[in-house]
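Enquirer: Sequence:
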Amino acid sequence: RQPGSTIKPLTTYGLALESNLIQWGSVYEDAPIKINGEDWPTNYSEDSSAMVYSRKNVFVYQALAKSYNTVPAQLCQALTPQAVFDFATQKMGLNLLDQDENGFTDIDYSPLTVGALSYGITLENLVNGYIPYGNGGTYAKAHIISKVEQGNHELIYENNGDPKKVIDSETAYVMNKLLQNVVNNGTGTAAQLSNKHVAGKTGTAQINANEPNHALFVSFAPYSNPEISVTVQIPNGYTSSNAAELASNVYK
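Each residue of the sequence shown is one higher than the one before, counting from 1 in my numbering.
Since the hints were made in silico from the structure, they are not lab data. Treat the hints with caution; some may be incorrect.
Derived pair list, reagent style DMTMM-like, types lysine to aspartate or glutamate, alpha-carbon separation capped at 20 Å [claimed, not checked]: (1) K141 <-> D162; (2) K164 <-> E227; (3) K141 <-> E124; (4) K66 <-> E245; (5) K141 <-> D168; (6) K164 <-> E124; (7) K177 <-> E227; (8) K177 <-> E154; (9) K147 <-> D162; (10) K164 <-> D86; (11) K56 <-> E29; (12) K196 <-> E227; (13) K252 <-> E227; (14) K165 <-> D86; (15) K164 <-> E154; (16) K141 <-> E227; (17) K196 <-> E245.
Fair warning: this is a prediction, and the values are worked out from it, not measured in the lab.
Generate the whole structure from the sequences, applying the supplied hints.
Expert: Right under this line is the structure:
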């Protein structure tokens, strides 16, 4: 599946934090970059309607919360698509395409900035990528069964997800805060709960020109010590807010 904007924390924003290019309060202009002489990308957010950029300064936390496309495009340009691709695949574990026999590749601005991948990724792979942000920078493969013991407590199976430290703890902390802000003040407000704090990211993506967009919401809660992760994908033209609302119902 195409991840849409849910890829942003795992690519441009993630590497920008890890390399100290940005912090929570860094300021960028809501403006496009130039690709082959053309302005790219456009915004689809509450404050910048389709095909429009405000050209006003915005904080990084606002840009992610409102899912601006312009700021991650600028980050990708500054960091280079190759560096962002390497971070996403080698650190965050995303199964992105280097290049196939047809010349398709995810080492480009559109896949890494707005999640328009050559072939897409699985939801499991997408969710796994978020694990370090709720786990102090440690990546672990998602698994259902952790341990199986016989009646005499003899261990016959164990799977701890093969944990490994992939990003700095400070990077994970700041991104965790940024993802909380998406739910508290951004596109994910429909996922707010009264009894626990949720961190997450919304996204919408187009499968092809003949089908309506599908909506996504990737999240975990409580944000400080996650006990559960809920990812929702809805096809056929629903909004990412609808996906966030469904996630809140699961948490309840």
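Enquirer: For which of the previously enumerated hints does the structure constitute a violation, in increasing order of number?
Expert: 8, 15
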